[in-house]
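Undergrad: Respectively, the protein sequence lines represent chains H and E. Numbering (my numbering) for the first sequence: 1 to 330. Numbering (my numbering) for the second sequence: 331 to 1179.
Hints should not be assumed to be uniformly reliable.
Only some residues are given here: those of chain H computed to face chain E with a beta carbon under 8 Å [said to hold, decoys possible]:
| hint | residue |
| --- | --- |
| 1 | Leu87 |
| 2 | Gly140 |
| 3 | Ile159 |
| 4 | Pro163 |
| 5 | Val164 |
| 6 | Glu224 |
Sample of chain H residues lacking proximity to chain E, with all beta carbon distances greater than 12 Å (derived) [claimed, not checked]:
| hint | residue |
| --- | --- |
| 7 | Ser102 |
| 8 | Phe151 |
| 9 | Ala157 |
| 10 | Pro237 |
| 11 | Pro279 |
Since the hints were derived computationally from the structure, they do not count as laboratory data. Here a beta-carbon is modelled for each residue, glycine too, at the ideal position from N, C-alpha and C.
These are the residues of each chain, in order.
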Amino acid sequence: MGVRLFCRFRAGPGLLAALAACGCVPDFLDDTTHVASARVVAVRSTPAEAHEGDAVTLDGLVAAPDGAPAAVVGWSLCLDRKPLSELGPVSTRCLQSPSPGSDIAEALDPTPPVTAKLPSDACELFGPERPEPKPGEPSGRPVDPDVTGGFYQPVLAWIGATPVLGGVRLECPLTGASPDATRDFNARYNPNTNPAPVALEAVHADGTSEVLSDGAPHAFTAGESVELRATLPACDPAAAACGGAENYVVYDALDQTIVTQTESIVVSWYATDGDFSEPRSQALAEDDGSLAAGVTWTLPGRSVTATVWAVARDDRGGAGWLAGAADIPP
Amino acid sequence: MKPRLTRPPALVTFVEADYPESEKAAGRAAAVVLRIGIGADGTVTDVAVLESAGAAFDAAAVAAAKRFVFTPAEVDGKPAPIRIAYRYEFVLKPAAPTTGILTGVVRARPGGEPLAGVTVALDDGTSVVTDATGHFTFPDLTPGRRRVLLSRSDLKGLQTEEEIVAGEKLEATYEIEQAPVEDEGEHDDLEIVVVAPKLVKQTVSTKVEAAEGRRVAGTQGDVLKIVENLPGVARATAGSSQIVVWGAAPEDTRVYVDGLRVPLLYHFGGLRSVVHTDLVNSVELVPGGYGAAYGRGLGGLIVVETRDPPKDRLHGSVQVDVIDASAAVQGPAGAGWSFAVAARHSHLDSVLDAFTSKDFQEFFQIPHYYDAQARLRRELRPNEFVEILGLLSSDSVSRTVESSDPNGQKSETKDQRFQRVGLRYKRVLKDGSSAEVLPWIGWDHSDLTSRFGSVPTSLALDSNIFGLRATYSGKLGDAAVATVGLDLEGTNTTAVRSGSTSSPPREGDAHVFGQPPSDQINGDRWQSFIGSAAPFVQVDLGLFSDALHVVPGVRFDPLFVSVARRLPQDGNNPGVGAYSADLGVEPRVSLRYRLSKRATLKAAYGEYRQPPQPEDLSAVFGNPLLGVASGKHVLGGGEFALSPTIGVETTVFYTHSKGLAARNPLPSPLVAEALLDIGEGRSYGAQFLIRRNLANGFFGWVAYTLLRAERRDQPGTPFRLFDFDQTHVLTALAAYQLGKGFDVSARFRYATGYPRTPVIGSYFDARRDLYEPELGPKNSTRLPDFWQLDVRFAKRFNIGTTELETYLDVQNVTDRQNPEEIAYSPDYTQKRYIDGLPILPVIGARWGF
Chain H
1 MGVRLFCRFR
11 AGPGLLAALA
21 ACGCVPDFLD
31 DTTHVASARV
41 VAVRSTPAEA
51 HEGDAVTLDG
61 LVAAPDGAPA
71 AVVGWSLCLD
81 RKPLSELGPV
91 STRCLQSPSP
101 GSDIAEALDP
111 TPPVTAKLPS
121 DACELFGPER
131 PEPKPGEPSG
141 RPVDPDVTGG
151 FYQPVLAWIG
161 ATPVLGGVRL
171 ECPLTGASPD
181 ATRDFNARYN
191 PNTNPAPVAL
201 EAVHADGTSE
211 VLSDGAPHAF
221 TAGESVELRA
231 TLPACDPAAA
241 ACGGAENYVV
251 YDALDQTIVT
261 QTESIVVSWY
271 ATDGDFSEPR
281 SQALAEDDGS
291 LAAGVTWTLP
301 GRSVTATVWA
311 VARDDRGGAG
321 WLAGAADIPP
Chain E
331 MKPRLTRPPA
341 LVTFVEADYP
351 ESEKAAGRAA
361 AVVLRIGIGA
371 DGTVTDVAVL
381 ESAGAAFDAA
391 AVAAAKRFVF
401 TPAEVDGKPA
411 PIRIAYRYEF
421 VLKPAAPTTG
431 ILTGVVRARP
441 GGEPLAGVTV
451 ALDDGTSVVT
461 DATGHFTFPD
471 LTPGRRRVLL
481 SRSDLKGLQT
491 EEEIVAGEKL
501 EATYEIEQAP
511 VEDEGEHDDL
521 EIVVVAPKLV
531 KQTVSTKVEA
541 AEGRRVAGTQ
551 GDVLKIVENL
561 PGVARATAGS
571 SQIVVWGAAP
581 EDTRVYVDGL
591 RVPLLYHFGG
601 LRSVVHTDLV
611 NSVELVPGGY
621 GAAYGRGLGG
631 LIVVETRDPP
641 KDRLHGSVQV
651 DVIDASAAVQ
661 GPAGAGWSFA
671 VAARHSHLDS
681 VLDAFTSKDF
691 QEFFQIPHYY
701 DAQARLRREL
711 RPNEFVEILG
721 LLSSDSVSRT
731 VESSDPNGQK
741 SETKDQRFQR
751 VGLRYKRVLK
761 DGSSAEVLPW
771 IGWDHSDLTS
781 RFGSVPTSLA
791 LDSNIFGLRA
801 TYSGKLGDAA
811 VATVGLDLEG
821 TNTTAVRSGS
831 TSSPPREGDA
841 HVFGQPPSDQ
851 INGDRWQSFI
861 GSAAPFVQVD
871 LGLFSDALHV
881 VPGVRFDPLF
891 VSVARRLPQD
901 GNNPGVGAYS
911 ADLGVEPRVS
921 LRYRLSKRAT
931 LKAAYGEYRQ
941 PPQPEDLSAV
951 FGNPLLGVAS
961 GKHVLGGGEF
971 ALSPTIGVET
981 TVFYTHSKGL
991 AARNPLPSPL
1001 VAEALLDIGE
1011 GRSYGAQFLI
1021 RRNLANGFFG
1031 WVAYTLLRAE
1041 RRDQPGTPFR
1051 LFDFDQTHVL
1061 TALAAYQLGK
1071 GFDVSARFRY
1081 ATGYPRTPVI
1091 GSYFDARRDL
1101 YEPELGPKNS
1111 TRLPDFWQLD
1121 VRFAKRFNIG
1131 TTELETYLDV
1141 QNVTDRQNPE
1151 EIAYSPDYTQ
1161 KRYIDGLPIL
1171 PVIGARWGF
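Next up, chain E with everything else stripped away, as it sits in the complex (with noise of 0.2 Å):
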């Protein structure tokens, strides 16, 4: 009897052909058509071609096939070996995509020349160098965020951040400042980055390098100063140091540098911020809506990044100008170890004592300081680190008015230091994810003395301050990057004061200027503690392949204030202290959305909170039980590309705080209630910036707000403006490189006025002597507009291998008389304006090596 197949083989393991590059990347396809032998277990004991694709097909297909399973054959009910003719077909697919492609150039800059023989180095430690034409490609990269590292020997190093998407080439370009040209020698490795308003990634930016920075005329190549260029932040008066942005409090923006909150930016008179430019990496002002990471502020937010110590060679400068001197050095301090140490000390007040009169100097204070940082670094291994960072500030200011006249005799003194040290730890894994731990200490000390006649005011604060920030970032999955940390600060003060409730005037106070203090004195020793551990969480999500940044986060921050005295000193008696604690939640969300490549649009919302001030804390002058005061922002813009050079930025913005310190209106208020929290404010308006970034050598912006900042100082009444409130804030600034060592660069303001109370009469006090203003509503009028040109030139030289930078920065080149204040007469029935300063040319010079 013939056998019988009972049960045909099945196919059980299939294994898929290798298809073959060549035919691949031909696009063809093919069938091949093989004897397969099974054998009686279901192996496959051997293949033959019956109908040949090509030899490479042929290989490929009977390659595959000899690893194929089948179930075995039956014949008659009995496995059994058997052969069989099998198709095998060669189909051309399009493979899902699994990697990204990143592709650019790297360019010059100035100049735009391409750049060869460029490393640019990701994070996995892969590497290309640009071809002749500057051009470079990772073709088959892991989706994610990656760090792109860029380096020459003889450049600049730059690196960045891309998101490669599977299935996507992104294609970058890059540009890198060139090493010095023999004649012509341009160094400054320094960058500094300007962002506003933030959001935690992608956020609206604008960036400067600092060797723009310094070029920018006004700024006496003080790096950080390019701050108050930038839009959002009012005009500061002539002379003062104060940073008002968004209609916020000078006091209501917190400043930090690496971490170490400190309470100022700039030292007194506004010549000069606290941290020398050799070490200033990067500065972020953040106008409103920053993410959770921050809090206990309800203005805007400075960020100081300094760098890191240079690890190639020795580096410094020494600066000379009318102003101050100044030096810095920085590099390599043995294996594992940097540095950098700069140190600054004005010598302004003794040239103007040389060569102005006694009375300039009463009108203008002015400012004598110093500052000193330094960092000392130790590389664990690579990325990570720790170090210890050290700053310190001093700033002094007196004056006197010597009269024979005991009603004309006046004399202010103001003292202002402060010094923080840290140490900071942190390392960044090779999966991109990172932590910093930063604890730190700090001391602040402030003293105003001051005689006015016969009535005295002194008030003088010293705290003890510590904090840590810890922080982790990583990955949650492909989309989305979480934040989480924990902000802790601690401020114990020690404040004694005496003299008039209304000495110093506080916001919003009816006053004018030279208007003499009260002679109802008082004094008050109070000890207080505010205290806060804020744990934070946010989460960057990007969503529709990225286009849509979604970033969400919250701050808990529980607020506690202790003071030690909550009445007056009342005899003997012990005093009883007063306790308060607020535990608030301070949501955060920031949006970003990619229209295009030339367009994205933003926005953010967030509630902040702040506590009271430590001198506002006083059983007689303030109020122990002052509460939390709170405020929301929201802001929404766009920013427009409107070529590779070109950018325009706008944000529209609100704000409201409540909760703020505000004098108690009632004719017998309670006692230690000399002040209460009922303030209320609000800002709104919107921020425009039009920015031609660096190219052929020309750089410039031009930043305008338009704002309406208000106050009102009890429930109910209507808002009145900010004392710091300016309609218009227009900067206009460019800078231009002539060759040859010749930079020019040129800055113009214009500003509104700030807000006066006016004078509508005036009346005789007898006993003390003098007249008293009668006033009108507070903040109806205001000083005249301000505009100022400012220009500055630049030459530099070679010499060997280092570099010498001379520079004259002329401000007010048209000597024009803007009014800063209002003078009154004694008896207040004539008034005229003081003006701010007149032409003045600032020459120094700088040598670096």
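The following block holds chain H by itself, in its conformation from the complex (with noise of 0.2 Å):
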């Protein structure tokens, strides 16, 4: 990691070379994808969406320098609602450890499968609903959505004194629209589904691929420059579930319309070792409907077994990943 400080400027002729007019512009050289060490990179409930007050599975990505799995050591779920004056994604309150009895977060048993029974009034703490108002006061303003017109149960994963923030999507009544627009919200709405990544491909330079897997490694070239593609199903419109990008309908609260839309995924990159070009792609739809998110991964240039993991994430907070190991031979 560190940080490059250059100034870009090209000097032009004449009058107005005189104007040298540049920026110094922070560079950040850290690597957010390199794993140096063990870190919570992906949070993910099952299913992915729910009623408030019904139960989830918490699972997490934990990303380790030895490529080992690894486990999340302490969960909880945030009860407590951030003011408007805050403008993080969830209270600040929630960020310490919870205490044993806390009104503001409830630690959860880690051991596997996690079990999270979603508070009752979910939707009234992170949702469209509004709190009961107290005699005499009108009553309180709902969360706002997200850009796909969800809401989330804050979920906090710990593997540290630092927690990773997750969510869990609550199914909750649409709020704010005429009761014909309700119906036809519900009548059309589907809930999320995690994507579910299918392979996780290298493809060399010279156009072969091969599949990826934890358990097995494949050989590679040290130094060799690989494009890895995670791909995800290809979404019948009319399933009621998929791993793929979903159709979905959201209510514009400023037309006052109801759209719809597909997920969009992205399919973040993790490894060992080893460079990415970007620390992100985009899933684009293929040929045959499936979709694809590629990047150039850089392998070491020294024998070493690297890991690799991709997570797809979409829109709709719901993730899956897929993990893969290179060994470089000496």
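Take the two lone chains and join them into the complex the hints point to.
TA: Here it is in structure tokens:
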């Protein structure tokens, strides 16, 4: 990691040559894709979307420098709604380790499978339902949805002093819409399903490819650049659930219309060694309707067994991942 | 029987003799003994001199005595003629003064040599011409305030006012800039008057000629940019067009151009003002404590007056540099008509496209702007005119960060445009009273559209504005001038907003540069109307022979706010509006006491109110029922003349405001209460100005402000530093005319760095795949201090009757890397400073005729 400061300008001829204006732009060289220490890089809820009061299963992807599977050591549900004066995604009070009996956060049993029962008032705490009014007062302000119309129960995963924030998408009633629009919305809405990458391939420069898995490392040449491709399944628009880019409806509060959108899926890349051309890639549609996200991975120039992870995130809060291993023999 | 005088005559009508001028001048007194013959009817029939005091005295005494009237004398009880002896005393006594004297000398500036042949005219039509030593005298003037106009065909006209006091001689020294000299022509008939802080009359003021302001390094020839160098004004961040005065938020300072309120003084980036320099006559910066004529703002006041279109001939100029190009034309347009038009268009974005990389423009948004002004005046008769004023300005800035990383894609576009049209009528009466009426209309548009990753933000405001400013000013006796008026303004705004409540951040938000906005978004569309019709009155009382001026005033400002939607849209239910009214009385008073010819004390107090911003009246993002914010200003200080050319001003001040819009601190705020009017602010400090007026080709000043500005976002919490707090702001500038058309000037600035909120850690948001900062106490750290040295070189050439000026304005000549912002690595584990512009030479030329 490091930082590079550089000025960028080209001098011109004539009178304007004196314009040597340039800005010194800090260009940080830190690489968040490099796994130098064990950290949680993804949090997943199954199902990906649930009603308040439902039970969900939580799991997290812990990327470690040795590539070995590891578990999240602590989980908690945040029960504290953040004020508007806090600009972050979660109440800062939930970033502290939960104490027993706290009404700010609820600690969960970290023994897999980790089960969490969503609060029965989650749609009031973190959703569109207005909090119960106090006598003589109007009801409170609902939480704003994200760009997909979603609301999330904050979940915190711990493997050290600093938590990682995840979220369970809440299936809450639509509010603020007309009865007709609400009926239409409810009839057309498909709850989210986690992305399910089906394959992680490495494509060599000569066009040959290999499917990577974390069980049996494939051999690569030191310093070789390969294209990693994570593929996701094609989705039938009529299907209720799909591990690819699903269609869903969202209510546009400004125009008071129901809009059909297709999920956007982004794949984030992590590796114990080597360099990626980008930290994450947009999954794009292939000819057969499936999705594929690609990135150039330059393998290290020394003998090592490297582990690579591809984490697919859809924009409705779902996540899924694959891991693969690459062996660079001496 | 001998007749007997039974009743002597009695003098019932005495006529004072004219004191012979020759004798009065000689200081002689005398007595003349007269023999006065009185008829039976009491009239004087004849007068003879019994004892002479000289021909002049004798004649005067006889003439007066002939007009005496007596009661008839009675002899034996009957009216009868009689002769009496009468001693007429001529006593030399000082006459009670009924007039004053104005005398003085007119000198050239620079240089100070006396100017002969200058006509000094008063508003009553009298005039004198200066003699060979530049002196003039009005020996017998009626007391009161008199307008004085100095003119000579080859000089710039100068108008001022003087207070004539009976029995006193006022000695004045006027300096007028001379006409161009053939080989080193210096022609600039503009004048800028900077007043800070201003009382209604005889205020603390600093006067800077336009020729001076234009020559100051770092202004690139823009006169109005001189405001940045005045005490009380914080240094703006590089690339910012905001003006922060005495710790007030930028939007709290009101800007007027010829009585038309405009939303901004500078274009985006702060590179240029929105009014062409050739049209500027004066600008007043009033950091606080201003009078009752203005209101609806908690901060300072900036009043720009454009110059009257010239009537002698056509004037014009063309200016081009690497930033923009502009042109202005003004002059007569037929009998009684005159005009002025100017326009400007930027091309810096095109220049930088050619000479810098795309990366540069990703960090520094290059503005694209244009503006235009027009003025058409019709003189109805002397001291009476009607004119149409027009202003327009447009700014846009856009940047896009392309990236194959979906989270790294960013774009931002900002537009701001405004237009104003006003019709002004003004008449000045012979007694000095004046009346002015200015109805005006306008349109404002602002639009912010951004996308940070997948999170969009947009805020568009369209406002139709109308206003009326009417004032009458006239004397109330010998020692008082009253001003009454009406200041009316209405703003009807249509707003559309979508995005996160946290974007764009508000003052006081705990956030850091580059922090991604929340992906919780909403949308709202609303209309609002904010109106006020404020009558005001103030009286300028001159007491103790004008040594003390007390200016009490009061403004009644009823503020009406209506919003079309009280609550967020709920299905198809029709929206229910909201309406609020706030009638406030705002007392103002200012004092100014002249201790001596060299020392004057001053003080002011004022209460001010400000309606909520239209963008804060959303039922989703703000609060339609936001109340009116209020504030108080208290200031005191003095002015001291160290020499005829060096003066010192100092002012201490305290301001307090409450009812400021702040984010609702509750975890579960009520509907339509995302903002509450619970914020509070205060600022206090002192400002100093040491100024050397232009003489011998040199002028300059040192301005220093020591200030602390604080806010708190809810009652009961400790005050924190205001986002724009700057403890120390020092500006030192100097300009020198080298001769032969060469000028050089330099400006040095030092300022404490702006407060920032520190990052104390970070955590990973796995759902959005990005890191979020953990923040320490708000504004508990600062950017490093700023200092910068700018220089300017200019050379003027006379080409026939025209003038060409070329200049090189070099900012940051030491190429110092001044941190302007803190940038963090994606996981917030590292930070580095974003530096401001390095050495920046701006070459340009101006051709004028």
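Undergrad: If a hint holds in the structure, say so; if it does not, say that too.
TA: Right, here's what the structure says about each hint:
1. With 8 Å as the threshold, the beta carbon of H/Leu87 comes within range of chain E, its nearest partner Cβ sitting at about 4 Å, so the hint holds.
2. At its closest, the beta carbon of H/Gly140 sits 4 Å from a beta carbon of chain E; the interface hint therefore holds under the 8 Å criterion.
3. About 11 Å separates the beta-carbon of H/Ile159 from the nearest beta-carbon of chain E, more than 8 Å, and the hint is not met.
4. The beta carbon of H/Pro163 is positioned within 8 Å of a beta carbon in chain E (closest approach about 6 Å), and the interface hint is therefore held.
5. Taken as an interface hint, H/Val164 checks out: its beta carbon lies about 5 Å from the nearest beta carbon of chain E, inside 8 Å.
6. Interface restraint check: H/Glu224 against chain E, minimum CB-CB distance 21 Å, threshold 8 Å, status violated.
7. Non-interface call for H/Ser102 relative to chain E: holds, since the shortest CB-CB distance, roughly 15 Å, exceeds 12 Å.
8. At roughly 9 Å from the closest C-beta of chain E, the C-beta of H/Phe151 falls inside 12 Å, breaking its exclusion from the interface.
9. The non-interface label for H/Ala157 is inconsistent with chain E: the shortest C-beta to C-beta separation is roughly 8 Å, within 12 Å.
10. At the 12 Å boundary, the C-beta of H/Pro237 stays outside the reach of chain E, the nearest C-beta of that chain being 22 Å off.
11. For H/Pro279, the condition that its CB be more than 12 Å from all CB atoms of chain E is violated, with the nearest at approximately 6 Å.
The earlier numbered hints that this structure contradicts are 3, 6, 8, 9 and 11.
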